Structure formats: C-alpha cells, structure tokens
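Enquirer: Sequence:
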Amino acid sequence: MLTGDASILRGHGELAMVWSRTPTAPQRLALLGGPASTLRHVSVPGAASQPSWSPDGRWLAVHVAERTPAVRRAETLWLVGDDGTPVRRLTPRTADVQSARWSPRADRLAVVTHRPGAHVDRLSLVHRNGSSRVLAKAQAIENVAWSPSGRRLAVSLNAFRHQQWHSRLVVIPAGSGGHRRTVTAVDGILDLAAWWPDGSRLLVWDGAVGSSLGADGLPLDVVTMSGHRHQIANPVLGYGSWIALSRAKNEIAVIEGGDRELTAGHKAVAICTPQRCQRVRQPAHQISIDPSWSASGRLAVVRDRAISPSRGFGPLYVKRVQDSGDITIVTKSTARRLTVAGHGATAPQWGRDGSLLV
Numbered sequence: 000m001l002t003g004d005a006s007i008l009r010g011h012g013e014l015a016m017v018w019s020r021t022p023t024a025p026q027r028l029a030l031l032g033g034p035a036s037t038l039r040h041v042s043v044p045g046a047a048s049q050p051s052w053s054p055d056g057r058w059l060a061v062h063v064a065e066r067t068p069a070v071r072r073a074e075t076l077w078l079v080g081d082d083g084t085p086v087r088r089l090t091p092r093t094a095d096v097q098s099a100r101w102s103p104r105a106d107r108l109a110v111v112t113h114r115p116g117a118h119v120d121r122l123s124l125v126h127r128n129g130s131s132r133v134l135a136k137a138q139a140i141e142n143v144a145w146s147p148s149g150r151r152l153a154v155s156l157n158a159f160r161h162q163q164w165h166s167r168l169v170v171i172p173a174g175s176g177g178h179r180r181t182v183t184a185v186d187g188i189l190d191l192a193a194w195w196p197d198g199s200r201l202l203v204w205d206g207a208v209g210s211s212l213g214a215d216g217l218p219l220d221v222v223t224m225s226g227h228r229h230q231i232a233n234p235v236l237g238y239g240s241w242i243a244l245s246r247a248k249n250e251i252a253v254i255e256g257g258d259r260e261l262t263a264g265h266k267a268v269a270i271c272t273p274q275r276c277q278r279v280r281q282p283a284h285q286i287s288i289d290p291s292w293s294a295s296g297r298l299a300v301v302r303d304r305a306i307s308p309s310r311g312f313g314p315l316y317v318k319r320v321q322d323s324g325d326i327t328i329v330t331k332s333t334a335r336r337l338t339v340a341g342h343g344a345t346a347p348q349w350g351r352d353g354s355l356l357v
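Per numbering that gives the first Met the number 0, the very first residue in the sequence shown carries number 0; after that it's consecutive.
Rather than coming from a laboratory, the hints here were simulated on the basis of the structure. Given the structure is predicted, the values throughout are model-derived calculations rather than measurements. For every residue, glycine included, the Cβ atom is placed at its ideal position computed from N, Cα and C. It is possible that part of the hints are untrue.
[As the list claims (entries may be wrong)] Restraint-style ranges between C-beta atoms, simulated for each label pair: (1) 295 to 84: 27 to 35 Å; (2) 128 to 49: 16 to 24 Å; (3) 0 to 233: 42 to 50 Å.
[As the list claims (entries may be wrong)] In silico lysine to aspartate or glutamate, DMTMM-like type, Cα no more than 20 Å apart, as pairs: (4) 136 to 186; (5) 248 to 352; (6) 318 to 260; (7) 136 to 95; (8) 248 to 197.
Model the full structure from these sequences, guided by the hints.
Expert: And the structure:
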C-alpha cells in the first residue's frame with residue numbers, strides 16, 4: 000500500500016505519482032501535498048501514466064489506458080484538478096495519445112495523437128475546456144516542444160517516401176497570426192529533443208544513421224532558426240529525461256556516452272553552452288544519469304556504479320542498479336554527494352525554491 004507524509008512538502012508544491020501494488024498490476028494515480036493535502040488517490044477509468052502539471056500548478060494532465068477484459072483501448076488524456084478531482088477527458092477514445100506538453104504560458108497543451116489503423120499522426124492544441132485545433136499532420140511525428148515564451152511550437156514531421164524517411168523540423172506559431180517555417184529538412188529522421196533555454200535554437204538527435212544504431216546513442220545537434228546545424232555531443236541516448244535545461248544559466252546538461260545498457264558506456268554528465276559541452280569529472284567505475292536543474296541553477300545528478308549485467312537483465316541486476324544510486328550536486332569542477340550511498344536514489348526533482356529534492 001502506498002503511504003506518504005505531506006508535511007515535508009509544505010510550501011514546496013504538490014507531488015503527483017503513479018504506482019502499482021505489483022509490477023504487473025495497473026498503475027494508479029495519487030497526489031500528495033498542495034490542495035490535495037494528505038495522500039489522495041485519484042480515480043481515473045484505467046491505468047495512469049505520465050502525469051504532468053500545468054505551469055501554474057492548478058491542473059494535472061495524465062495519460063489513461065482504458066481496458067476491457069478482451070482489448071486495450073486507445074490511451075486518452077485526462078484533466079485532473081489540483082485537489083485530485085477528475086475534470087474531463089480531453090481527447091477522443093478513438094485517438095491514441097502519443098505525447099502531451101503544457102504551454103509555459105497558458106492553460107493549453109500540444110498533443111500528438113495517432114488513430115489506430117490510420118497512417119497519420121496529428122498535432123493539436125487542446126485547451127483545458129476540451130476545445131482543440133489541429134496544427135499539423137504527418138505520417139510520423141517524432142516529438143513536439145514549446146518555446147520558452149509559449150508563442151511557438153517546434154515539431155518533427157516525417158514521411159516515408161521512395162524507400163527512405165524524409166524529415167522536416169518545423170516551427171509553428173501557437174496563435175492565429177504568423178507563419179510556420181521549415182527550419183531544416185533531411186533524408187533520415189530528426190528527433191526533436193528541446194528548445195534551448197533562451198528560445199534561440201533547437202536541440203535534435205540526428206537519427207539519419209538508423210534506429211538500430213540509435214539505440215546505442217546518436218549525435219546531439221544544435222539547430223539555429225536559420226537552419227545552421229552543428230554537433231555538440233556524441234553519443235547521447237534518446238531519453239528526454241537525460242537532457243535538463245537551465246534558464247537561470249542558459250545552459251543544458253546532457254548524459255553523454257552510448258550503450259543501451261543503463262550502467263555501461265561510460266555515461267557522464269556534460270554541461271553545455273550552444274557552442275560546446277564539457278564533461279564533469281566523475282570517479283572511475285561510475286556512471287551518471289538523471290540530470291535535474293533547480294530554478295537557481297544548481298545541478299543534481301544520480302551517480303551509480305557501473306555494473307555489468309553478467310547474469311542477464313533479470314530482477315537481480317535491476318535491484319543492484321536501484322540500490323547503488325546516490326544524488327550528487329555537481330558543477331564543471333566540483334561534486335558533493337547529498338544522499339547515503341546504497342539507498343537507491345533516482346530521478347531527482349527540485350522543489351519550487353530549490354531547497355528540497357524529491
């Protein structure tokens with residue numbers, strides 16, 4: 000049974016989490032702190048995943064996979080109030096939600112959906128009242144990201160023609176005025192990662208080498224609004240949570256180092272300007288994952304032992320990985336461990352004022 004102490008979160012915001020009684024049981028949604036106060040279980044009509052708060056903390060968007068005994072229905076997007084009350088379903092049951100991103104400036108989301116059986120993805124603007132507007136369609140939409148101002152959206156639109164993939168990186172105004180423009184186009188796949196913190200350029204994984212090799216990391220490129228591209232890190236695994244943005248410093252932190260196995264590949268955190276990345280020194284036989292910036296520009300990472308899965312990827316390997324992680328505050332030249340080694344920390348998230356880590 001899930002338990003929680005809301006007192007430690009007082010003044011630091013509200014926590015949304017998904018959990019399950021067993022590894023195979025459906026995931027449930029719960030809130031802790033904030034208007035929900037004590038631990039509150041939220042009733043949604045299916046398995047919950049990927050909860051995300053609106054910038055003002057008043058609304059929670061959550062993916063819900065509805066199921067019947069015989070079939071899995073499309074994954075829909077639900078809106079939940081900060082007190083834990085489900086408000087409405089935001090997407091139709093016939094459309095499978097691939098991703099949903101809150102605007103940094105308004106109560107609306109950029110939502111990518113796919114209709115089973117149809118060879119087309121849709122990018123829509125969805126308001127919290129349920130109204131929506133389609134912005135783009137493509138055979139495959141890799142990702143979408145809001146500019147820091149909330150006035151523009153970047154999206155990777157892809158089509159398979161003449162036995163190869165063709166990719167366009169497009170910037171679309173979020174309002175009714177302005178014109179969309181293609182920033183760059185390639186033969187292959189450009190997987191959008193994020194906007195640079197000041198909104199001046201974009202980050203993309205260059206997937207032209209193919210998805211199989213991409214599982215062990217791809218080059219990470221910076222793309223300017225004029226279409227100029229240059230590489231700043233290689234290889235970088237394609238996990239959005241392994242790229243962290245600092246608006247306070249106008250820098251990013253990435254986990255550089257390939258190999259699809261979590262604890263292999265010499266993975267280290269690198270702090271990057273638009274021109275280059277500098278790796279943070281770390282002890283031998285360790286890897287770094289899960290970077291997270293505070294609002295004031297402090298960088299936390301998880302330092303883990305480099306463990307070889309010599310006996311396979313079973314529960315024993317997973318437990319050894321989980322048990323070895325600790326949280327470390329790093330700069331380009333220093334590191335300070337916060338947690339006791341062996342307590343199994345992962346995925347740090349900062350509180351509002353930077354004095355609390357969850």
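Enquirer: Hint by hint, say whether it matches the structure.
Expert: Hint check results:
1. 295 to 84: 27 to 35 Å: holds (33 Å)
2. 128 to 49: 16 to 24 Å: holds (21 Å)
3. 0 to 233: 42 to 50 Å: For residue 0 and residue 233 the Cβ distance comes to about 45 Å; the hint holds.
4. 136 to 186: holds (19 Å)
5. 248 to 352: holds (16 Å)
6. 318 to 260: holds (15 Å)
7. 136 to 95: With a Cα-Cα distance of about 14 Å, the restraint between residue 136 and residue 95 holds, given a limit of 20 Å.
8. 248 to 197: holds (10 Å)
Of the numbered hints listed earlier, not one is contradicted by the structure.
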